[in-house]
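Residue strings, one per chain:
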Amino acid sequence: MMKIYLSMDSAAKALGSEEVAAALSAALEARGETAEVIRVGSRGMVWLEPLLEIDRGQGREAWGPVAPEDVAGILAGEVESLGPTEEIPFFARQTRLTFARCGVIDPLSLPDYEAHGGLAGLRRAATMTGEAIIDEMKTSGLRGRGGAGFPTGIKWDTVRMAHADQKYIVCNADEGDSGTFADRMIMEGDPFCLIEGMAIAGLCTGATKGYVYTRSEYPDAVAVMREAIIRARAAGVLGDDVLGSGRAFDMEVRVGAGAYVCGEETSLLNSLEGKRGVVRAKPPLPALEGFLGKPTVVNNVISLATVPVIFEKGAQHFADFGLGRSRGTIPVQIAGNVKHGGLFETAFGMSLGDLVEEIGGGTASGRPVKAVQIGGPLGAYFGREKFDTPFGYEEFDGQGGLIGHAGVVVFDDSADMLGMARFAMEFCAVESCGKCTPCRIGAVRGVETLDRIKQGDGAAVELLTDLCETMKDGSLCALGGFTPYPVMSALEAFPEEFGMAKEAAE
Amino acid sequence: MNPQPRAPQALPEVGEEEIRPLIDRNLHLEGPLLPMLHDIQAAFGHIPETAVPMLAAALNLGRAEVHGVISFYHDFRKAPAGRHVLKICRAEACQSMGGEAMAERLLAQLGLDWHGTSADGRVTVEPVYCLGLCACAPAAMLDETLMGRASEARLMAAVEGAE
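Protein chains in written order, with full-length UniProt numbering: chain A, 1 to 506; chain B, 1 to 163.
Bound conformation, chain B alone:
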């Protein structure tokens, strides 16, 4: 569901043997599917198509059910993002401090739309609805680094400073 302006690329091949341990180590949990999906995405940057039938078999679910879960949650990707993900908060507290205009200026500088990835594959920009930094808005997060009282200059510098 995330439109990618970048030209479609062949998805990286991920073998079953790489996915298997990430499923197995969560099998003992109650409600193991989300922990499995988080582990798989952390390892490969997305949920490879190969994983879907494996998850379905491990959990006695239909493939459609597994697909339904993956597609429900904003976090899970069918294809890898850029090397870094910049999440900019679009929620009300950040809007009250001019966050929306800041995000638009930054997107214009990067030549991207929401969910877009830069041509060099460096960064994907995504909206997020609240980072819990509402008393120091506007807020953003580059990978897992949080930024409060953000400006487009600061965000741009952070993006340019990331390899």
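Bound-form chain A, shown alone:
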């Protein structure tokens, strides 16, 4: 029977996939044709959403973006396709490890998940000692994908070695950075993968309870994750006896309430406990005193969702991809004013310019690229002169930036860089938890200082620079500490927009 695949990812829905689904059933009925319609996650080619794929026994062929009125013609064979989905250059050039199943399988079918390699990692991990799991994690070289890049195996080992009557695995799914949607995509498109990764973390560290803390802005991801957990529990993947291992692990989803700062791990833990989401001073590390004061692994969604493939294919397979100390693959999210926006999973090492110009195809507006912001609202703006930078933790750091959660937001030449710097300060002021002064007061003063610069007060530039130093050195967490990245990088790359001669800033 003909199989038809249609994405139900939030981005596809936002672009009309539900209207296409309705048109599809009507058109099938009108033709008297039967087909198995499978709702899947997104392949990540967002500019082609809603993406419709048809498999008539020869593999999956793609059409997109599809409007409801196109559907009848597609079924009648009157509309030329984009060819086999996996031969579309944007897709063909990727190395899909973490996102291997996303867009391919029915996200809530555990049999589909297993048929595509799912649970193999957990089965293997269940036969290993905690120590052996740690060795495997260290060999993989996996580093935290939330932005800080801390080695995941070392974090797990700290929790494993801690003595406590209760330990926790907390998944940080509070993906608030503009330009990022990888967490949302995997939760909506392959939720069992995250569950499996968390279960492996639990078996390794002796944690029996897990929480996924995600955003109220992600209602679809919440619904899919919750249903997947129910199904995993029914199948014995979660519960008192994980896959017959004799060990327990269970989990639930918690929803935040619109506070960006709760993506910071200690603030997240406070929020999870039902408190104001203010940042905690470190030490103590969450690995020793985390949720409810117990040893807690706090990992980003992508870090945890990458664990299953490491155990399925072996740590060395994963570590063989990458560049320098950045091992494996990274799901780069190409967003903003870009022609081919979407999720592009690739080994570390591709240059920023290739990602933006070749993969992304330049701007959507057709105007020249002026700058890109990498790593969300706390990430630096890179002008074209930094497009040679290879995608890697140390490489970006060396250029005064950070890869963060690997979101790349493209701006064309109409972007107002002083305005973007001001927005960074304004955002920090709105979202500051208020605990530390450099962030709480500094962000407000930053907005005022940028307004003075805009009015032509050149002397205020020095003040802004000094303020950024204070915020960077004196803030408790990355919100106040990294807001200077977008501000200072915009100033350094585009001094003339701040009323300065180009040389003066250098």
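Worth double-checking, as some hints may not be accurate.
Interface residues of chain B toward chain A, partial, derived using beta-carbon atoms under 8 Å [said to hold, decoys possible]:
1) Pro53
2) Gly132
3) Met147
In the DMTMM-like style, the derived pairs of lysine to aspartate or glutamate whose C-alpha atoms are separated by at most 25 Å in a straight line are [to be verified]:
4) A:Lys275 to B:Asp75
5) A:Lys339 to B:Glu100
6) A:Lys209 to B:Glu30
7) B:Lys87 to A:Asp416
8) B:Lys87 to A:Glu469
9) A:Lys3 to A:Glu18
10) A:Lys3 to A:Asp106
11) B:Lys87 to A:Asp250
12) A:Lys282 to B:Glu16
13) A:Lys282 to A:Glu469
14) A:Lys138 to A:Asp106
15) A:Lys294 to B:Glu16
16) A:Lys339 to B:Glu152
17) A:Lys435 to B:Asp75
18) A:Lys275 to A:Asp241
19) B:Lys78 to A:Glu273
20) A:Lys209 to A:Asp250
21) B:Lys87 to A:Glu426
22) A:Lys339 to A:Asp106
23) B:Lys87 to A:Glu18
24) A:Lys209 to B:Asp24
25) A:Lys209 to B:Glu16
26) A:Lys454 to A:Glu497
27) A:Lys294 to A:Asp241
28) A:Lys275 to B:Glu30
29) A:Lys282 to B:Glu30
30) A:Lys294 to B:Glu65
31) A:Lys275 to B:Glu65
32) A:Lys454 to B:Glu100
33) A:Lys454 to B:Glu104
34) A:Lys209 to A:Glu273
35) A:Lys275 to B:Asp39
36) A:Lys3 to A:Glu87
37) A:Lys435 to B:Glu100
38) A:Lys275 to B:Glu152
39) B:Lys78 to B:Glu152
40) A:Lys275 to B:Glu49
These are computed hints drawn from the structure, not numbers from a lab. Computed from a predicted model, the values in this text were never measured in an experiment. No residue lacks a Cβ here, since even glycine has one placed at the ideal position from N, Cα and C.
With chain A's structure known, arrange chain B on it following the hints.
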């Protein structure tokens, strides 16, 4: 903290007996306060003042602490919003596609400011910082319906189509 241009209205009365089950059903959770607040807001469209002492008593907290939690999070309201809530993304990816100008034109058409509610109580417009639709910006969400590659015409039509 959300200024409402609409004339202040008497808050709807919510009785303790309506709130009680929403507290009780979450009492077994670790860190139950946010789930309780979400349930209460889902039921009444805001967090009624009546709920504050009840939550404080149930969780052995001070009323000030409960108030502190409610006021910390952007999502929780002290008064109901309009019948529909339109959230428009103001974050960088949406700005790169002209989202800010689009939002301003829409607000002007509606005669509202951010956080404002239309006089007929139909819609409240709020800023949101990222809906995860950054590769199809600008983005917005009317209640729980997402819209990518949004325009003010499309948003206006959605608002007018909602009762």
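Outcome of the hint check:
no., hint, result
1, Pro53, "violated (16 Å)"
2, Gly132, "holds (4 Å)"
3, Met147, "holds (5 Å)"
4, A:Lys275 to B:Asp75, "holds (14 Å)"
5, A:Lys339 to B:Glu100, "holds (20 Å)"
6, A:Lys209 to B:Glu30, "holds (11 Å)"
7, B:Lys87 to A:Asp416, "holds (24 Å)"
8, B:Lys87 to A:Glu469, "violated (34 Å)"
9, A:Lys3 to A:Glu18, "holds (18 Å)"
10, A:Lys3 to A:Asp106, "holds (12 Å)"
11, B:Lys87 to A:Asp250, "violated (34 Å)"
12, A:Lys282 to B:Glu16, "violated (40 Å)"
13, A:Lys282 to A:Glu469, "holds (21 Å)"
14, A:Lys138 to A:Asp106, "violated (32 Å)"
15, A:Lys294 to B:Glu16, "violated (35 Å)"
16, A:Lys339 to B:Glu152, "holds (21 Å)"
17, A:Lys435 to B:Asp75, "holds (20 Å)"
18, A:Lys275 to A:Asp241, "violated (32 Å)"
19, B:Lys78 to A:Glu273, "holds (22 Å)"
20, A:Lys209 to A:Asp250, "holds (5 Å)"
21, B:Lys87 to A:Glu426, "holds (18 Å)"
22, A:Lys339 to A:Asp106, "violated (28 Å)"
23, B:Lys87 to A:Glu18, "holds (20 Å)"
24, A:Lys209 to B:Asp24, "holds (22 Å)"
25, A:Lys209 to B:Glu16, "violated (33 Å)"
26, A:Lys454 to A:Glu497, "holds (9 Å)"
27, A:Lys294 to A:Asp241, "holds (22 Å)"
28, A:Lys275 to B:Glu30, "holds (12 Å)"
29, A:Lys282 to B:Glu30, "holds (23 Å)"
30, A:Lys294 to B:Glu65, "holds (23 Å)"
31, A:Lys275 to B:Glu65, "holds (8 Å)"
32, A:Lys454 to B:Glu100, "holds (19 Å)"
33, A:Lys454 to B:Glu104, "holds (21 Å)"
34, A:Lys209 to A:Glu273, "holds (14 Å)"
35, A:Lys275 to B:Asp39, "holds (16 Å)"
36, A:Lys3 to A:Glu87, "holds (19 Å)"
37, A:Lys435 to B:Glu100, "violated (30 Å)"
38, A:Lys275 to B:Glu152, "violated (38 Å)"
39, B:Lys78 to B:Glu152, "violated (29 Å)"
40, A:Lys275 to B:Glu49, "holds (18 Å)"
Consistency with the previously given hints fails for numbers 1, 8, 11, 12, 14, 15, 18, 22, 25, 37, 38, 39, ordered from lowest to highest.
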